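Chemist: Here are the chains, one letter per residue:
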Amino acid sequence: MTLSDVQPRRRSRLAAAFSRLEGPQTMGRGPGFWAGFLIVVALASAYPLFSDGYTVGNTVYFFTWTFMAMGLSLIWGYGGALSFGQTAFFGLAGYTYGVLTINIGAEYGFTLVALLLAMLVAGALAALIGYFLFFGRITGVFLGIVTLSITLVFERFMAQTAGPQWAIGSARLNGYNGMSGMPPLTIPWPSGDIVLYPDVTLYYVVLGLVVLVYLGLRMLVNSRFGNVLVAIRENPERAEMLGYDIRKYQLGAFVIGAMLAGLSGVLYTAWGQYITPSSMSITAAALPIVWVAVGGRSDLTATLVGTLVVLGGFQALTIYGSQYALIVMGALLVVTVLVAPEGIIAAIAKLPARLRARSQKGEAV
Amino acid sequence: MALLQTSGLNKHFGGLHVTNDVNFDLQPGEIHCLIGPNGAGKSTLFRLILGEHLPSSGTIHYDGTDITTAKPFQRIRKGISVKFQVPGIFKALKVRQNLEIALQHHLEGHSLGEEIDRLLEFLNLTDAADQLAGNLSHGQKQWLEIGMAISLKPKLLLLDEPTAGMTPDETFATGEMVQRLNADGVTVLAVEHDMAFVRQIAQRVTVLHFGRIFAQGTIDDIVADERVAAIYLGEGHHD
Amino acid sequence: MEFLTSIFAAFYQFGDAFAFLVLSACGLAIIFGMMGVINLAHGEFIMCGAYVTVMATRAGIPLPLSILLGSLVAGIIGIALERLVIRHLYGRPLDTIVATWGVSLIATQGTLIVLGSTMQGVGTPLGSFVVGNLSFSTYRIVLIFAALAVLGGLYLLFNKTRFGILARATIQVPHMAEGLGVNTRHVYALTFGLGAALAGLTGGLYAPTMTMVPTMGATFIVEAFVTVVVGGADVFLGTAPAAVVLAVVKAGMTSWQGQLFGQIALLIAVVIVIRLLPRGISGFILKERA
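Protein chains in written order, with my numbering: chain U, 105 to 469; chain W, 1061 to 1299; chain C, 708 to 997.
No lab work stands behind these hints, which were simulated from the structure alone. If you're wondering where the values come from, they're calculated on a predicted model, not measured in any experiment. Ideal Cβ positions, reconstructed from N, Cα and C, are used throughout, including at glycine.
To give an idea of the chain C side of the interface with chain U (calculated C-beta under 8 Å), a few residues:
1. Leu796
2. Leu801
3. Ile804
4. Gly809
5. Ala925
6. Val929
7. Ile971
8. Arg982
So, partial list: chain W residues that the calculated Cβ filter (under 7 Å) puts toward chain U:
9. Phe1133
10. Ile1136
11. Arg1137
12. Val1142
13. Gly1148
14. Phe1150
15. Ala1152
16. Gln1157
17. Ile1161
18. Gln1164
Pulled out of the complex, with its shape left as it was, chain U reads as follows:
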């Protein structure tokens, strides 16, 4: 086979991959949608020009959570598996990043290696837990309460690591007060390393990651893998009787979701240079559920938009005290489930099509 034989096929593979940016599993298609998408990205890129470094640095904080939310959308919204353990992977990756970088440092771009390793550790734990759960055929509510139990016990474990005996190398775990002092992400650069403090540079890096992960997941959910995942959500027995080993698909989604939660955990840890067990508490574990449910779990765009909107609202309410903000979050969750189970953002996005259908029906009558 010559190179010229390979080339067109590779191009068509690439074209096929890009064609999956839109498909039955994602809202938004056609030039209109993508023009809007580009405008939003352009606005987000221009935003630092009209703001100060401190505010931009705080905006990054919102973005860091979106990976965990999109991962949960993949597992829960697309795969139909209720995982309440996202924050366990978030915390595990955050702590892993801390332990690695406190011990080894930030030279030669090691923080980026640590980021990848931390995501891999989160993925490995997910693979282990997921093996027992999915291959044990645990589904439905049990999956939720087992993953939540694991998260809570992990939180308690980390909370009691207060003494000096709880250290990994030179990294003290520090019990309930959490671990701090790890270096921020650092990009090696010939003219001097670029240290990503919560500022404009970090903003662009994380924004780039958000766009990349969003588009990557769009391709994933519209691929064969995504097809099977929604098939399992709709009717696991039928999916199995089409010859799919559904356990492997669920495990795959679970691991990807966990690694994305891990990415959030590392970015959060590197952003604030600290991580505490309370990031895995039952309250913290509820928040990703709120974002994803309110946005619309079975669509990535709705999840992403919903997460940012709810986080923004939460932040605004926190001025009055976080307990008030959390009550609003709880109420939002209950109301969403009762009134718009598919998610509020998703319901709004589908409104025009519904109205059109209704008016057409009206004309027909």
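Following the hints, position chains W and C against chain U.
Modeler: Quick look at chains W and C alone, frame taken from chain U:
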């Protein structure tokens, strides 16, 4: 050689013997119907063949290999395919996507689209291709599921009451569908209540009663068999 | 004598763990077993029972009555919650669990706002007794008997009373029960209320032994979840035997490595049980009775 052979197959739930020493064979290329009163063990035998239940004892051989303990998806990959009694379709997805998920094992790109169109036509569902599967009529749902089952190009197609809830016209159309598939070489095993449908398609009939094989033969043999009539009469007519 | 003392200590620890597991789980298990719903606000019903008990005791009501009052209040709130939220979500178990999590957030944070981050508790009553050279809490013995009494009471309720028999009929064949004139909505509401009242009872019983904080419910839920997952859908064939098995694991690990490792061991036990018995112990006992 039989395409499917069960030997000494037993299944009990607690003390209840649901499948009792069943030696059942299915010959390549035949259309075979499984009938019997309610609770005769038809569904259980079906689920044993599919691997949704594992037998308490006995073996199942398919196409020369022992599949007694194989997982359901492994059996599907060997060429067994199934249509459930309650339509097992993906209700929130479009009809076209339902078929795509079934076909994407072995097809992609352009040929996938062509095969979907061909199947839609075969199933009389071309006009409904972009509807949500959940919005189809009951008969159409049954057809869609048959379409998904045959997407896998099975050697053996299992049908669990394929005409349940259908109008007589739909039932007849389904029978023709099954016969066309059989003409293409698919072996068919159907659990069925509707005797008109059985008469339309069956080349051989097996009667199950209390988990045992009670009678076997052509439809005419079965209808003529007074003992078979007796067990149905004994059951009354809540069907 | 020392040998006998350590035997008694082992039984005491086992009994303590057993009581905690049974009492943590029974309310959750009743609701799950009868309605297929997991109530994530379970911990908050326990907290509610505990708070009411402490407030009533400090207002001068004797402790046993306060505990019953705590249970009653939790039960009434449970019925109200069923009316307002749960009822609209039947047939959607995943949505129910999510919605009750929202309720749990509201309850925890609401208590924090209204009653502050901590509340003065009541001391553990009844003092202690000595066996050999070890001292044991008498109240813990009371808790063990309370757990057994709850199991016995539930058995009588579901087998000997009209409500229990109607409830079981409703759960097994809802449309049949409706056909017989049973108001199934009523039965569901009462069942949910019963589960909540049991949670409140647990809170009341443990209130004298705990620090009163709005998040205290979280102390119970891991044990409750684990017991229900291992036990499956039947309180008598599931929860009780599961609690026996898990209590051995928990008491053993706790006395060896401490409270936290007791919990970690529980989790590992659960994961292994899940792999071996996907439908829990009651599913195993009722093996494939389809």
